[in-house]
Amino acid sequence: MRGRGHGIPGLVKGMVTTARTGLRRTGTQEYPDVSPELPPRSRGVIALLEENCTSCMLCARECPDWCITIDSHKETIPASTAGGRERQRNVLDRFAIDFSLCMYCGICIEVCPFDALFWSPHFEYAEYDVRDLLHEKERLGEWMASVPPPAALDEKASEPAEVAAARRPQRTVPAQRAVPAQRAVPAEGDSP
Amino acid sequence: MTWLEVVLRAGAVLAAFLVLPLLIGQTEHKVMAHMQGRLGPMYAGGFHGWAQLIADGVKFVQKEDITPLAADRRIFRLAPAVALVPYLVALSVVPLSPGLVAVDVPLSLLLVLAATSVGALGTLMAGWSSGNKYSLLGGLRAAAQLISYELPIVLACASVALAAGTLSVVGIGVAWSPLWLLWQLPGALVFLVAGVAELQRPPFDMPVADAELVMGAWTEYTGLRFALFLLTEYAGIVILSLLFAVLWLGGWHGPWSDSVGWLWTLLKGFAVAVVIIWIRVAWPRLREDQLQRLAWVWLVPIALGQLFLTGIGVVMGW
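If you read the sequences in order, they're chains E and L.
This note's numbering numbers the first residue of the first sequence as 576 and each following residue consecutively.
This note's numbering numbers the first residue of the second sequence as 17 and each following residue consecutively.
Note that these hints are calculated values from the structure, not bench results.
Hints should not be assumed to be uniformly reliable.
[As the list claims (entries may be wrong)] Listed below are several chain L residues computed to face chain E (Cβ distance under 8 angstroms; list not exhaustive):
| hint | residue |
| --- | --- |
| 1 | Val47 |
| 2 | His50 |
| 3 | Met51 |
| 4 | Gln52 |
| 5 | Gly53 |
| 6 | Val121 |
[Said to hold, decoys possible] So the derived list for chain E, only partly shown, Cβ under 10 angstroms to chain L, looks like this:
| hint | residue |
| --- | --- |
| 7 | Leu586 |
| 8 | Arg599 |
| 9 | Ser675 |
These numbers come from a predicted model, not from an experiment.
Where a beta carbon is used, it is the ideal one built from N, C-alpha and C, also for glycine.
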């Protein structure tokens, strides 16, 4: 207690430090009255853009604690032109994230090839019962509104792909090449 | 003194006893919070949480009053009263100005010291009767601490009593002169340090060291009885601060002391209370052996030296 450099000077220093802190403004943000300023990339909640989801199940399989549930069925789309082929596509029936299990690792968002999942900074979704933390696609979709726009690109970055595609001059198809006569109906007996 | 006057004075002391500790408590909430870079209570009552301690009181009243099976029931239930009532008695003889004191008895300094010593018995009773090892250890630590620090307090008070030539708190306050700020300085420091230790407040809160003893002697207490122990602590701060203000800082002495003397006493006492709170925020807790060492190696000799110095001063007629 009374070693060199401690004792009384140390006690006085403690008093000065606390007094100085006491006279300074506190850094407290009074949360329920004042909403916090969160950085745009905060990991608050995971939002779902349902239109982009193809039910590919990548997110559900990569999720380390298996908190994503996906149900889907296949629908057949009739051919758009006569004689065309019918197509099948997945229709999402159920997409649910159990936020009582989710550990906010963000792997599902990283792994989604179709940009259907997004981080939102929204964090006020506490519940009184842990079972109420299982949120369905309707609720996940509501959170899309709170997803911030993507960060601006660097100054000398190349254009985003969709912008570059829109800028490219419209492809003009020459009329005579529209139906290549020689190849359209191969002559009988021709070997490929 | 008529009956009506007795009732009025007793009522006034009781009101002061219930209000002043709450003021100190609220000040502690706020001062401590800001010294730690926080805001403290902000909601209760609307304006900066002024009603926080009232809300706490309401909460304590609603809680279940549990007496442990292993406890010595009667002693356990009596202990908070034994701790609290002596401070009420002590407050009744602490003056705000020569005319503003509930009871003016000739030996009031002795009465205050005796009463506050009895209060320590409440902690010991609580620790002994709880039937809990932490409570027992806390109670014994409290007893050891109170015995050690009683002596420096008494010696420091004896010094001012000697200097004033009276054992009446009012008399000492009247005899006070600014010279005392220098002459009685060692005794004042001893009294302040030993007083904080007597209240078992940080840095002398070894008896309730929460990392070691849960809550010391108060571990088993719940509800209103626990609240009474907390009230005791803050009432103790009130009495210590007012007594220090009157005996060493001159109490009501100051500009316009005839009209606003009581305000001077309250202001000085409040300043002392803020210092006690400040000490709590700034300093770490002493270990048990450091605690005893401080009392016996430093405070008692300094207090004896002060007494010697005062004796010389009185004989020489300073």
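* List in ascending order the numbers of the hints, as given earlier, that are violated by the structure. => Hints 6, 9 contradicted; others consistent.
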